[in-house]
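Chemist: Residues per chain, in single letters:
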Amino acid sequence: MTTRHTDPPWANARLHVVTGKGGTGKTTVASALALALASKPGRVLLSEVEGRQGISQTFDVPPLGTDETRVVRLSGGGEVVGLSVEPKAALLEYLQLFYKLGRAGRLLEKFGAIDFATTIAPGVRDVLLIGKIYEANRRRRDGRHKGDAAPVYDALVLDAPPTGRIGRFLSVNSEVADLARVGPIHSQAGAITRLLQSEQTVVHLVTLLEEMPVQETLEAVNELRSKGLRPGAIVVNMVRDPLLDDVALDQARAGRLHKASIRTQLADAGLQATTELVDGLLEEARDHAQRIDLEREQMGMLEATGLPIVQLPALPGGVDSGSVRELADLLVPAFVTPLVTPLEGVEP
Amino acid sequence: MSPGPVAKEAPALDVDALLADPETSIIVCCGAGGVGKTTTAAALGLRAAEAGRRVVVLTIDPARRLAQSLGLTELDNTPRPVTDIDGSAGGSLHAMMLDMKRTFDEVVLAHADPDKAEQILANPFYLAVSSSFAGTQEYMAMEKLGQLKAAAGTADAPWDLIVVDTPPSRSALDFLDAPNRLGSFLDGRFIRLLTAPAKAGGRAGLKVFGVGVQLVTSTMTKILGGQLLTDVQTFVNALDTMFGGFRERADETYRLLSEHGTAFLVVAAPERDALREASYFVDRLEADRMPLAGLVVNRIGRVEATGLTPSRALSVAEALEDGGGPKSATNAAALLRLHATLVRTAERQRELAQRFSRSHPGIPVVQVPALGRDVHDLDSLRQVGHALAGS
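Taken in order, these protein sequences are the chains called A and B. Note that the numbering used here numbers the first sequence so that position 277 is 277, with each residue one more than the last. Take any residue in the second sequence, note its place counting from 1, add 1000, and you have its number in the numbering used here.
Be careful, since some hints might not be right.
Unchecked claim - Think about it this way: if two alpha-carbon atoms lie no more than 20 Å apart in a straight line, the pair counts; the simulated EDC-like pairs of lysine to aspartate or glutamate are:
#1 B/Lys-1149 x B/Asp-1160
#2 A/Lys-110 x A/Glu-86
#3 A/Lys-100 x A/Glu-50
#4 B/Lys-1222 x A/Asp-245
#5 B/Lys-1222 x A/Glu-93
#6 A/Lys-88 x B/Glu-1252
#7 B/Lys-1101 x A/Glu-175
#8 A/Lys-88 x A/Asp-115
#9 B/Lys-1101 x B/Glu-1074
#10 B/Lys-1101 x A/Glu-93
#11 B/Lys-1327 x A/Asp-268
#12 B/Lys-1116 x B/Asp-1105
#13 A/Lys-259 x A/Asp-279
#14 A/Lys-259 x B/Glu-1321
#15 B/Lys-1149 x B/Asp-1251
#16 B/Lys-1327 x A/Asp-245
#17 B/Lys-1101 x B/Asp-1086
#18 A/Lys-88 x A/Glu-50
#19 B/Lys-1101 x B/Asp-1160
#20 A/Lys-88 x B/Asp-1177
#21 B/Lys-1149 x B/Glu-1252
#22 B/Lys-1327 x A/Asp-246
#23 B/Lys-1327 x A/Asp-115
#24 B/Lys-1222 x A/Asp-115
#25 A/Lys-110 x A/Glu-93
#26 A/Lys-259 x A/Asp-287
#27 B/Lys-1327 x A/Asp-279
#28 B/Lys-1149 x B/Glu-1106
#29 A/Lys-259 x B/Glu-1304
#30 A/Lys-146 x A/Glu-93
#31 B/Lys-1222 x A/Asp-178
Just so you know, the hints here were simulated from the structure itself, not pulled from any lab data.
Model the full assembly from the supplied sequences, consistent with the hints where possible.
Modeler: Below you can see the structure in the form of structure tokens.
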């Protein structure tokens, strides 16, 4: 399977990692993306790794546990399955799966080795969190992790740690591979690194058109690229259209909107157009013009990365389970339609 | 704009009184990522300094511009004086960025004898722990805070007020848990297992473990590989001597935080998620009996044309648009639509803040209007401080 150069970076992706600075709406975008991918139709696993219960809040369902639980079934047959990955459960499951530890597993727990591994040991926590996603990605419908059966999930969306930590989070396996130079942890870490660096994995970055989130996005793009990871789309969230046309914006910025005639218009339309009111409105227009300038400047910096940019509008009433579907519909053209390649049959 | 009828207003947070109170010696800013925590900490520090306090601001991971506005060009783990502030009231300002690896190294160098220190610093497991340890930032922020407090009042450390920004951790109160987590780890059986000599079958101290020891050790060797386990053991053994001091200081810092003289400020943005986290912080601080000074709600939308309701603005805008008038009519209509959007946004934000106050009555709140641009110099930092003081 080849990627045409016109295809987006996620043309062959199964694992969509979504990151963004705190407050940019990362969880909302990850949820909407999962819904969009499920509309193909398909079965999509949406995971979170920070125990925030953001998925349950977004979809208005009971808190997620360590079991994969369906959170949405779409009328077209697709479904989104939610999972809150917890390192301790992931470690015990991993040990059981690969070592069939039995009594030794319980002893490790009793001696505090599990706590040590999941809270104290460097990087292990992140390895386990990603390891669980790796396992879910490989799992087949017959429960095995190899063979010809179709994969359980058609796509996976990971609500990942924020931009400031994403590079380290995704490269933790190569660090661990350095630390444990031989042995099973070493080989497991190597296999995960290969998945994350393959075309099957893509990292989308959610941002607002504000200075700090954009700065962090640009830094994250560079970091991901330098670590051999694949940045996908930059999702610009909460975009507001300018309310004034460009000419009026120019005038507003320069303080040259014609005060007298605006005042006349307002008065003619029946408003009591006091000086304070008109001055206030003009001041608001100037703030607005400056904000639009800032946003355009930020947008230019994002465009310079060469990555596809997907815009989502600000929702006037904030986000709820209904509005996530609205956002999902807006993501479908960018993330679903160009995917002419069937997801089934992609080798894990 | 009028906030509308509210059953009970939250008490106003008097930032200036807090900063002026000579009893206030530590201010901790906590909150979710991306809410303006670091900016708030820096603005408070500057305002206190210009009001005559001798201040040090400890930032964890400041945006580059904010760091530059404080004159911090490199991360060197040492408080640097911020020049260009107005010192006419007799105050001073120092600022620093936390370097967690260097702080950890300093702890090792200060508390282990030279041979052992060298051994620790070169251990591969230590290198990993000190730079990417889940929670290292929290431990080291606490450690640094303890150091700054201990040095306070000396010639090189003239401060009497420490303003701390907290790490953008998974749970922003992880630093409160750091001492306990460290403590239970150090007292745990696992550490004793790791620090025990390899052939410890006969040692009295290990008898409590029974026959499980062999099984656990062999399982760990199987999973981790012998080399990693040896690195871990060497590391833990080497650290063993300094563990006591480590834990004592962490406990001491925790005590410091719970004392009168410390003030926690929870910082939030006027959004559902950020305020939900703020609720969680407030509950957690109260449960731990930490001295909570109040809530800062940052970036409330600004409205300049007061007194014009959104619905009135929109109906007039519609009339103007239907009238097919000149360009000035189109512009006037656009201004009114803009105004309606601004008022509605600000109203929704205030409603979110009020919802917080209804479930946490009695917690003082200050709402800080949005700035056009991010902070990039002392002047804009001064403006934030001004807004924090509610003036």
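Chemist: Take the hints in turn and mark each one as holding or not.
Modeler: Hint by hint, here is what the structure shows:
1. With a CA separation close to 9 Å, the supplied pair B/Lys-1149 and B/Asp-1160 stays within the 20 Å bound.
2. Restraint check for A/Lys-110 and A/Glu-86: satisfied, since their Cα atoms lie roughly 18 Å apart, inside the 20 Å limit.
3. Under the criterion of a C-alpha separation no larger than 20 Å, the hint pairing A/Lys-100 with A/Glu-50 is inconsistent with the structure, at around 27 Å.
4. Only pairs whose Cα atoms come within 20 Å are accepted, and B/Lys-1222 paired with A/Asp-245 is rejected, the gap being roughly 68 Å.
5. A C-alpha spacing of about 17 Å is found between B/Lys-1222 and A/Glu-93, which places the hinted pair at or below 20 Å, so the restraint holds.
6. Proposed proximity of A/Lys-88 and B/Glu-1252 is contradicted: the alpha carbons are some 30 Å apart, above 20 Å.
7. Taking the CA atoms of B/Lys-1101 and A/Glu-175, the gap is near 17 Å; set against the 20 Å cutoff, the hint holds.
8. With a C-alpha separation of about 7 Å, the suggested pairing of A/Lys-88 with A/Asp-115 holds against the 20 Å cut-off.
9. A threshold of 20 Å between alpha carbons decides the hint, and for B/Lys-1101 with B/Glu-1074 the separation of about 15 Å falls inside it, so the pair holds.
10. For a cut-off of 20 Å, the pair hint linking B/Lys-1101 to A/Glu-93 is broken: about 33 Å separates their Cα positions.
11. For the proposed pair B/Lys-1327 and A/Asp-268, the alpha carbon gap of about 14 Å is at most 20 Å, so the pair holds.
12. Of the pairs offered as hints, the one joining B/Lys-1116 and B/Asp-1105 holds, with about 12 Å between alpha carbons and a cut-off of 20 Å not exceeded.
13. Restraint check for A/Lys-259 and A/Asp-279: the C-alpha separation of about 8 Å stays at or below 20 Å, so the hint holds.
14. Between A/Lys-259 and B/Glu-1321 the alpha-carbon distance is near 18 Å, which keeps this suggested pair within the 20 Å criterion.
15. For the given pair, B/Lys-1149 sits about 14 Å from B/Asp-1251 by alpha-carbon distance, which is consistent with the 20 Å threshold.
16. About 11 Å separates the Cα atoms of B/Lys-1327 and A/Asp-245, which keeps this hinted pair within 20 Å; it holds.
17. Distance check on the hinted pair: B/Lys-1101 and B/Asp-1086 sit about 34 Å apart at the alpha-carbon level, beyond 20 Å; violated.
18. A hinted pair counts as satisfied when its Cα atoms are at most 20 Å apart, and A/Lys-88 with A/Glu-50 qualifies at roughly 13 Å.
19. Of the supplied pair hints, the one linking B/Lys-1101 and B/Asp-1160 is violated, its CA atoms being roughly 26 Å apart against a limit of 20 Å.
20. Our distance criterion of 20 Å between C-alpha atoms is met by A/Lys-88 and B/Asp-1177, whose separation comes to about 18 Å.
21. Proposed proximity of B/Lys-1149 and B/Glu-1252 is supported: the alpha carbons are some 11 Å apart, at most 20 Å.
22. Pair hint B/Lys-1327 plus A/Asp-246 holds up; C-alpha atoms about 13 Å apart against a cutoff of 20 Å.
23. Taken as a hint, the B/Lys-1327 and A/Asp-115 pair is broken in the structure, with Cα atoms around 69 Å apart against an allowance of 20 Å.
24. About 18 Å separates the Cα atoms of B/Lys-1222 and A/Asp-115, which keeps this hinted pair within 20 Å; it holds.
25. Taking the CA atoms of A/Lys-110 and A/Glu-93, the gap is near 16 Å; set against the 20 Å cutoff, the hint holds.
26. The hinted pair formed by A/Lys-259 and A/Asp-287 meets the criterion: a straight-line CA distance of about 16 Å does not exceed 20 Å.
27. For a cut-off of 20 Å, the pair hint linking B/Lys-1327 to A/Asp-279 stands: about 19 Å separates their Cα positions.
28. For the hint pairing B/Lys-1149 with B/Glu-1106, the CA-to-CA distance comes to about 16 Å; that is within 20 Å, so the pair holds.
29. Distance restraint check for A/Lys-259 and B/Glu-1304: the Cα-Cα separation of roughly 16 Å lies within the 20 Å cut-off, and the hinted pair is therefore satisfied.
30. In summary, the hint linking A/Lys-146 to A/Glu-93 is supported, as the alpha carbons are separated by about 18 Å, within the 20 Å threshold.
31. Our distance criterion of 20 Å between C-alpha atoms is met by B/Lys-1222 and A/Asp-178, whose separation comes to about 17 Å.
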